[in-house]
Amino acid sequence: MAIFSAVRLVLTLSCEESTRLVSTSCDRGLDPAESWALRLHVLVCRSCRRFRRQILFLRKAVRIRSRTVSVNDDFGDNATKLSAEARQRILQSVIRKENDE
Amino acid sequence: MEKPPEELTALDPGAWLHRHGDVLFRYALQRVRDRDIAEVLVQETLLSALRGFAEFEGRSSERTWLVAILRRKIVDHFRDKPVVETQASAEYDCFAADAFRSHGRWRHAPSPWPRDAETILEKEEFWRAFDACFAGLSSPLADAFCLCEMEELATVDVCKVLGVSASNVWTRLHRARHLLRRCLEQTWFLKVDGES
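Protein sequences, first through last, are from chains A and B.
With the first letter of the first sequence counted as 1, position 20 gets the number 565 in the working numbering; the numbers rise by one all the way through.
With the first letter of the second sequence counted as 1, position 64 gets the number 399 in the working numbering; the numbers rise by one all the way through.
No lab work stands behind these hints, which were simulated from the structure alone.
Check before you lean on any hint, since a few could be wrong.
Unchecked claim - Rough simulated footprint, nothing fancy, chain A against chain B, three-plus residues with beta-carbon under 8 Å:
#, stretch
1, 356–370
2, 374–384
3, 387–393
4, 407–417
Unchecked claim - Lysine to aspartate or glutamate pairs mimicking EDC-like chemistry, simulated, CA-CA at most 20 Å apart:
#, chain 1, residue 1, chain 2, residue 2
5, A, K626, B, E460
6, A, K626, B, E459
7, A, K605, B, E420
8, A, K605, B, D371
9, A, K605, B, E457
10, B, K526, B, D466
As the list claims (entries may be wrong) - Covered stretches of chain B, as calculated for chain A (at least 3 residues, CB under 8 Å):
#, stretch
11, 455–463
12, 470–478
Beta carbons are placed, not taken as given, at the ideal position from N, Cα and C, and that holds for glycine.
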């Protein structure tokens with residue numbers, strides 16, 4: 546029965562479902578039937594092969610960036626910096642709350 | 336401007352703000368996507384740092400220490416938000432109806448990206464495009480994506496923070512990936528290709 550449903554998954558997997566399996570592979574890993582279904586699907590489907598490559602690439606890029614952002618000093622424009630007023634507000638608030646203790 | 340050496344770390348929130356304020360703010364802003372909230376998170380970080388200064392033993396740099404505090408504040412922020420059970424998102428439904436035909440075949444398949452895509456990692460403009468795409472996501476999708484992919488929390492922890500099931504979190508991530516991929520394709524990869 547398990548084999549039957551596995552074979553059916555391999556044979557009937559749609560592109561939309563295959564994109565879902567790409568996500569699943571990132572989040573919890575695939576069971577053997579899912580893994581074979583995705584592997585065979587991307588073998589014959591160029592669009593889904595491309596989708597998988599792009600998703601895995603973006604995932605890696607986001608993780609690398611997130612881990613290194615705190616060492617980049619002068620990255621970003623003024624829109625992502627604290628204004629002088631914001632700095633003032635933050636500092637006053639910290640001092641006030643600390644004195645409230 | 337010359338940066339003061341790290342060993343000058345002292346109980347001085349003004350100096351911390353001066354040295355690390357922009358980095359902390361940007362880190363928070365990328366994740367919570369709201370300037371006011373990001374500002375409050377920086378403020379709470381400095382306050383916590385002030386109160387917990389005794390525990391800072393200089394084993395890490397001052398900035399690493401502050402970022403670690405900020406990361407806890409960000410998770411707390413998501414935990415305090417009201418639980419949103421639904422995974423329904425009009426943005427994704429709209430996208431899927433456009434991207435796929437009936438029976439789940441592509442209508443608008445992914446376009447090829449430049450071969451040298453790897454080089455985007457250092458490109459500030461790319462990450463600006465990414466942040467703009469990320470800012471366009473609805474909160475349920477963006478919050479799950481932030482916790483899982485940027486903060487790299489385990490699914491079980493993300494479930495606790497957001498108050499929803501694992502399958503709910505995975506659905507959100509899947510939708511966020513689809514939407515981010517397409518947004519970047521439209522606002523970055525195809526544009527860059529067209530210009531060159």
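Hints versus structure:
no. : hint             : verdict
1   : 356–370          : holds (count 8)
2   : 374–384          : holds (count 5)
3   : 387–393          : violated (count 0)
4   : 407–417          : violated (count 0)
5   : K626/A to E460/B : holds (16 Å)
6   : K626/A to E459/B : holds (15 Å)
7   : K605/A to E420/B : violated (28 Å)
8   : K605/A to D371/B : violated (29 Å)
9   : K605/A to E457/B : holds (13 Å)
10  : K526/B to D466/B : holds (16 Å)
11  : 455–463          : holds (count 5)
12  : 470–478          : violated (count 0)
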